[in-house]
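Asks: For the protein sequence lines, the chains are X and Z, in the order given. Residues in the first sequence are numbered consecutively from 530, following the numbering used here. Residues in the second sequence are numbered consecutively from 530, following the numbering used here.
Please keep in mind that the hints were generated in silico from the structure rather than gathered at the bench. Keep in mind that the hints are not guaranteed to be accurate.
Cβ pair distances, simulated, as ranges [as the list claims (entries may be wrong)]:
1) Glu645/Z - Glu787/X: 18 to 24 Å
2) Gly623/X - Glu645/Z: 33 to 39 Å
3) Pro700/X - Gly941/Z: 25 to 31 Å
4) Pro733/X - Pro748/Z: 35 to 41 Å
5) Pro733/X - Ala876/Z: 53 to 59 Å
6) Tyr704/X - Glu747/Z: 50 to 56 Å
7) Pro951/Z - Met786/X: 32 to 38 Å
8) Gly745/Z - Pro733/X: 36 to 42 Å
Here are some chain Z residues the structure puts well away from chain X; computed CB gaps all over 12 Å [to be verified]:
9) Ser583
10) Asn589
11) Thr597
12) Pro650
13) Ala788
14) Arg800
15) Thr914
16) Gly927
17) Ala934
18) Thr960
19) Pro995
In this text, a Cβ means the ideal position worked out from N, Cα and C, and glycines have one as well.
Each chain is listed here by its residues.
There are 2 protein chains.
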Amino acid sequence: MVLRRSTVTLRMLLVALLAGAWLVSPVHTQSPGPAAWLDAYRDVATSLIEASTSDDFAWNRLAELTDTYGHRLSGSANLEQAIAWAVEQMTSDGLEHVRAEPVMVPRWVRGDEHAEFVSPPRQALTILGLGGSVGTPPEGVEGDVVVVNSFAELRARAADVAGKIVLFNAPFTNYGDSVVYRTDGAYVASQHGAVAALVRSIGPPGLRTPHTGSVGYEPGAPPIPAAAVATEDADRIARLLARGAPVRVRLTMGARMEADTASANVVGEIRGRERPEEIVLLGGHLDSWDVGAGASDDAVGCIVTWEAARLMVSLGIRPRRTVRIVLWTNEENGLRGATEYAARHAAHAANHVLAIESDSGVFAPAGIGFSGGVAARSLVRDIGTLLAPLGIGEIGGGGGGADIAPIARAGGVPMLAYLGNPDRYFAIHHTPADTVDRITPDEVSKAAAALAVIAYVTAEMPERLPR
Amino acid sequence: MVLRRSTVTLRMLLVALLAGAWLVSPVHTQSPGPAAWLDAYRDVATSLIEASTSDDFAWNRLAELTDTYGHRLSGSANLEQAIAWAVEQMTSDGLEHVRAEPVMVPRWVRGDEHAEFVSPPRQALTILGLGGSVGTPPEGVEGDVVVVNSFAELRARAADVAGKIVLFNAPFTNYGDSVVYRTDGAYVASQHGAVAALVRSIGPPGLRTPHTGSVGYEPGAPPIPAAAVATEDADRIARLLARGAPVRVRLTMGARMEADTASANVVGEIRGRERPEEIVLLGGHLDSWDVGAGASDDAVGCIVTWEAARLMVSLGIRPRRTVRIVLWTNEENGLRGATEYAARHAAHAANHVLAIESDSGVFAPAGIGFSGGVAARSLVRDIGTLLAPLGIGEIGGGGGGADIAPIARAGGVPMLAYLGNPDRYFAIHHTPADTVDRITPDEVSKAAAALAVIAYVTAEMPERLPR
Numbered sequence: 530m531v532l533r534r535s536t537v538t539l540r541m542l543l544v545a546l547l548a549g550a551w552l553v554s555p556v557h558t559q560s561p562g563p564a565a566w567l568d569a570y571r572d573v574a575t576s577l578i579e580a581s582t583s584d585d586f587a588w589n590r591l592a593e594l595t596d597t598y599g600h601r602l603s604g605s606a607n608l609e610q611a612i613a614w615a616v617e618q619m620t621s622d623g624l625e626h627v628r629a630e631p632v633m634v635p636r637w638v639r640g641d642e643h644a645e646f647v648s649p650p651r652q653a654l655t656i657l658g659l660g661g662s663v664g665t666p667p668e669g670v671e672g673d674v675v676v677v678n679s680f681a682e683l684r685a686r687a688a689d690v691a692g693k694i695v696l697f698n699a700p701f702t703n704y705g706d707s708v709v710y711r712t713d714g715a716y717v718a719s720q721h722g723a724v725a726a727l728v729r730s731i732g733p734p735g736l737r738t739p740h741t742g743s744v745g746y747e748p749g750a751p752p753i754p755a756a757a758v759a760t761e762d763a764d765r766i767a768r769l770l771a772r773g774a775p776v777r778v779r780l781t782m783g784a785r786m787e788a789d790t791a792s793a794n795v796v797g798e799i800r801g802r803e804r805p806e807e808i809v810l811l812g813g814h815l816d817s818w819d820v821g822a823g824a825s826d827d828a829v830g831c832i833v834t835w836e837a838a839r840l841m842v843s844l845g846i847r848p849r850r851t852v853r854i855v856l857w858t859n860e861e862n863g864l865r866g867a868t869e870y871a872a873r874h875a876a877h878a879a880n881h882v883l884a885i886e887s888d889s890g891v892f893a894p895a896g897i898g899f900s901g902g903v904a905a906r907s908l909v910r911d912i913g914t915l916l917a918p919l920g921i922g923e924i925g926g927g928g929g930g931a932d933i934a935p936i937a938r939a940g941g942v943p944m945l946a947y948l949g950n951p952d953r954y955f956a957i958h959h960t961p962a963d964t965v966d967r968i969t970p971d972e973v974s975k976a977a978a979a980l981a982v983i984a985y986v987t988a989e990m991p992e993r994l995p996r
Numbered sequence: 530m531v532l533r534r535s536t537v538t539l540r541m542l543l544v545a546l547l548a549g550a551w552l553v554s555p556v557h558t559q560s561p562g563p564a565a566w567l568d569a570y571r572d573v574a575t576s577l578i579e580a581s582t583s584d585d586f587a588w589n590r591l592a593e594l595t596d597t598y599g600h601r602l603s604g605s606a607n608l609e610q611a612i613a614w615a616v617e618q619m620t621s622d623g624l625e626h627v628r629a630e631p632v633m634v635p636r637w638v639r640g641d642e643h644a645e646f647v648s649p650p651r652q653a654l655t656i657l658g659l660g661g662s663v664g665t666p667p668e669g670v671e672g673d674v675v676v677v678n679s680f681a682e683l684r685a686r687a688a689d690v691a692g693k694i695v696l697f698n699a700p701f702t703n704y705g706d707s708v709v710y711r712t713d714g715a716y717v718a719s720q721h722g723a724v725a726a727l728v729r730s731i732g733p734p735g736l737r738t739p740h741t742g743s744v745g746y747e748p749g750a751p752p753i754p755a756a757a758v759a760t761e762d763a764d765r766i767a768r769l770l771a772r773g774a775p776v777r778v779r780l781t782m783g784a785r786m787e788a789d790t791a792s793a794n795v796v797g798e799i800r801g802r803e804r805p806e807e808i809v810l811l812g813g814h815l816d817s818w819d820v821g822a823g824a825s826d827d828a829v830g831c832i833v834t835w836e837a838a839r840l841m842v843s844l845g846i847r848p849r850r851t852v853r854i855v856l857w858t859n860e861e862n863g864l865r866g867a868t869e870y871a872a873r874h875a876a877h878a879a880n881h882v883l884a885i886e887s888d889s890g891v892f893a894p895a896g897i898g899f900s901g902g903v904a905a906r907s908l909v910r911d912i913g914t915l916l917a918p919l920g921i922g923e924i925g926g927g928g929g930g931a932d933i934a935p936i937a938r939a940g941g942v943p944m945l946a947y948l949g950n951p952d953r954y955f956a957i958h959h960t961p962a963d964t965v966d967r968i969t970p971d972e973v974s975k976a977a978a979a980l981a982v983i984a985y986v987t988a989e990m991p992e993r994l995p996r
């Protein structure tokens, strides 16, 4: 994924010479060693890192947000209260043009949900409905359970599935590979006549910890109720069936969609001193699933990107370009914040110089990913060398993000992502255990510092970052 | 806790000489090196260890028990079904005189329970009612929350407590020291006029994992509802109050006591070939709290003690004395199984040679504790050397157990306990995460082997173990 530096340098020198930009472009000084063009930014970078890591301000703000408002599902009062709080706090920080840009969001309501084994002896089975699932009739749905470990196995056993409850029991490998059972399992099971779908939680074994997240339905098969079970319960059901015991489950879920409701993206800026129309965009999403406190997913992404701007304000830094913070709404179940932002700012999409997202937590060891052209990648990797005091290694690939993708696509904007350790992140992802206490102040401060340095340099450098 | 071997040896030699038992007692050959008196038992010990560790029979039986019947609270249908299953299985194993000795047990019913923050913004607070708690009125009880870290702090703030909900937030140190807040907190808070008690879960931080367990009430203060909260929620409430935010909680619990119901201790034996009236007693408790599967607490204690006898039967071993397995009922909330056994067998209490309990799990690294007289301790420590292949170190102190204590007290019986690693045990103790999957087959086999060897030698040695 990472281009070799020598190749990049030769290409970039050629581009720069052809463009006659030798004397003004930061590219001209790039070399395999420390990039001399960065010298103009080193002192400020050091100040930002020192300011961020000298106290626990950002962690305390993260704790205040998650302690006070808890989880923040789209359409909930708590999300709207958190939005109002963020506008107020951002204003008091000295950010400019702070506003809530209206977004209509879907409102999924979990309702009461419970399940039980009818056989073996009647007893409760803990479930956690998947976000967006349809509910059951009031009396629930009941069926024998069929366990499959893959879609291929489901197809091979298609004749067994009608009228049954399918448990997708694929062991967790990584999120990208495993999440398809959560997103697509109910639809595929329904195609074969299943009455409900259970999904082994998309995450490693925890402490009987179910993971929620969105389920999708497609035309052509009726939507059926879908819920996660803890890995322990998935394994238990598989063992019972392997022993020849009949496993019959009744599932009762009050889940439903209600009418769209008003929400908002929170936006605040440091207006650029020379090129205010050019924007370095940073953000995380303020909404969360309705379990846990949405601390790593993604209050912390909001806090660390916001903190990047607050640090600049507190140090009296006003870069050449505008730094814009967006705390997105409705990332989890609709992406309405992202699409509304792209629509509202469509005319200015190409003015976005860089789009930064923090939606993978900040657990150590963290890294940074970038997606963009070769020239931009080389410059960003140079900037990354300023983050050495934070223990962040070379910037790699994978700079996308669900919330920045629409505006980046519209404007051809390079994207950068802060990437927390995935093992720690997915252990608590979409669970009741996504709480602030397992994130350290140091992790929050380092993420904020890293993003502040990147945002500062990309907003300050004379030439805008190439596409 | 451990006596020095040289001291023990001298004392024991003296005792043996004075008793004129030199020629018949196993004591006479004891020395700091391998005890020669054990030579007669080495081959059988090796056979028991090999048989136990050659397959996963015991783990599979543990999984079948916990997978099929789930948790097994006194008074529940699942406990009674598990008892019937155990009688059937034990009989088919070839144990003798297998029976269910009737015991009337209390029946506490959790009912529906939930809590919410009234302030900060209204949102759910996950609780897990303590076993034996009284319920609330149907509309719940509501109060501002007062956080204290100790009973001393509660007394110092006694004037603040009336009409409030007290949260005991002492960090977990070890079970013995910390559990007093769960057992006594509600009573002490009630003495000062509190309307309910919340207790930081008695265990280390988990994954938003609440720990239940018994709460006690005393005359002189009205019983008030009591529930556990996860460590994360306790910390959150403490942070909110430290920030000056009012924290107000409404607690609704349907907990209640119902009439005593019929249960039973499951008893099975290998009748002794020469001294059937002398009994080596082993057991764990079959009941559990109504969360998790009660796998470590204490299905595994039932399985490994029972397995010790099954291994002897399968190898055709009939020791001199009777080996009796008891799967106790109602350990968690009444100890009725233990007290009923002591009453029913009072006339034969002194015939119990050794009482063995496994109720601390079998997590590695495991150990063994013994409580008894000096002479017995020395012999038991000799026997412990036979367990070296299992990685079990020198037998130490701490051989008690809640279920064996009544009969041991009545008969002056030495006690021995199998002691799993306490850090792993208390991480899941009384939680939904007490499931079979975190216990390895190896841990179960080793515990069964160790107990089989100890039971065999103490049932076979010519002279009964001294008091």
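Asks: Give a verdict on every hint.
Replies: Each hint tested on the structure:
1. Glu645/Z - Glu787/X: 18 to 24 Å: 21 Å, holds
2. Gly623/X - Glu645/Z: 33 to 39 Å: The hinted range 33 to 39 Å holds for glycine 623/X and glutamate 645/Z, with Cβ atoms some 36 Å apart.
3. Pro700/X - Gly941/Z: 25 to 31 Å: At 53 Å between Cβs, range violated.
4. Pro733/X - Pro748/Z: 35 to 41 Å: 49 Å, violated
5. Pro733/X - Ala876/Z: 53 to 59 Å: 55 Å, holds
6. Tyr704/X - Glu747/Z: 50 to 56 Å: 51 Å, holds
7. Pro951/Z - Met786/X: 32 to 38 Å: Violated, at about 48 Å.
8. Gly745/Z - Pro733/X: 36 to 42 Å: 38 Å, holds
9. Ser583: 21 Å, holds
10. Asn589: 9 Å, violated
11. Thr597: 5 Å, violated
12. Pro650: 5 Å, violated
13. Ala788: 21 Å, holds
14. Arg800: Answer for arginine 800/Z: holds, closest chain X Cβ roughly 32 Å.
15. Thr914: 37 Å, holds
16. Gly927: 27 Å, holds
17. Ala934: 31 Å, holds
18. Thr960: Contrary to the label, threonine 960/Z does not stay out of reach of chain X, its closest Cβ about 7 Å off (not over 12 Å).
19. Pro995: 44 Å, holds
The structure does not agree with the numbered hints 3, 4, 7, 10, 11, 12 and 18 stated previously, though it agrees with the rest.
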